[in-house]
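Using the sequences and the hints, build the whole thing.
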Amino acid sequence: MQAILMNAPGPPEVLQLKEVDAPELQRPGDMRVRLKVAGVNPVDTKLRSRGTYYPDKLPTVLGCDGAGVVEDVGTQVTRFKPGDEVFFCNGGIGAHPGNYAELAVVDEAFAARKPATVSFAEAAAAALVSITAWESLFDRANLQSGHTVLIHAGAGGVGHVAIQLAKSVGAKVITSVGDEDKAEFVRELGADEAVIYKQKDLVAAVNAWTEGAGVAVGFDTVGGKVLDQTFAAVRVYGDVVTLLQPGPDTDWQTARMRNQRVSLELMLTPMHQGLFEAQSHQSWILSQCAALMEQGKLKIHVSHQLSLAQAAEAHRLIEAGGMMGKVVLTTD
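Note that full-length UniProt numbering has the sequence shown beginning at 1, numbered continuously upward.
Don't read these hints as lab results, they were simulated from the structure. Glycine residues also receive a C-beta, built at the ideal position from the N, C-alpha and C atoms. Zero decoy hints are in this set.
The following label-pair restraints were derived from C-beta to C-beta distances:
| # | residue 1 | residue 2 | range |
| --- | --- | --- | --- |
| 1 | Arg316 | Gly223 | 20 to 26 Å |
| 2 | Glu13 | Thr78 | 39 to 45 Å |
| 3 | Gly51 | Ser263 | 25 to 31 Å |
| 4 | Arg27 | Asp251 | 45 to 51 Å |
| 5 | Pro82 | Ala291 | 22 to 28 Å |
| 6 | Ser307 | Lys46 | 19 to 25 Å |
| 7 | Leu25 | Gly223 | 38 to 44 Å |
| 8 | Asp181 | Pro11 | 25 to 31 Å |
| 9 | Asn259 | Pro11 | 40 to 46 Å |
| 10 | Glu180 | Thr78 | 49 to 55 Å |
| 11 | Leu306 | Gly223 | 25 to 31 Å |
Right under this line is the structure:
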């Protein structure tokens, strides 16, 4: 089969299309999926440039997201059969081959049925960002109906999903974006307020929108000084969730004085730590998101569809910044 191999950390050019052996079923619960589309995420670019979690296992195949058709199943697979359409988040961090390939092997417990109403591109693009947004808003911050939430970079991959998940439970959303086109995009997704951070003071805008109270939940998808801004925009006893590791210069005073609960979110933890039940729970999250997609309450925006051979270009697009939605690689 064809796959994109990473032989060493480096620039996008280290991603090379090669012919490799097709993966075999290893355990009774495994199934082999003929991939139609692989999602591309910022974490892929970081693993490519800095090295994977398992540097001693190079060469490797990146790509955590996948969507395709089940081709073969192990003896204990009960949820799926050959011909079923599935999507999942598995592999791609260095321990096991990822999804920049024509075939992938995944435990049935980690996969969800692809909604018939969405394309393979949308399904593959949904996996990692949907799990990240769901865990951040609901598992970490306990977002509920009537809550107010600040979502940074609302037009991005995680952000545009987070807006829709928040609205699906009846929360009110204010989000930050870089320009008017993105502001219009997030309003179409259901955001109640969009703040162009290059034009307005974000904290002042949030305080005005909440009549000085601050939001119940702040979701930081950017990191750096944005985390400090989030503390200042979240109410006393509110929740802050960040996807990035706080830096040594993070100003914790506001969070401390407001008794805020601060949570860290890394959806790759179950895969990295080998936590089977936790990763199985993530497939349940995908099933919930699939239901929302079928109901028209969750739409995944795919901004670029590139061929597998264009993996390096996909990484360049993401590293350039300013993306709306997701980039995917197709195997057709």
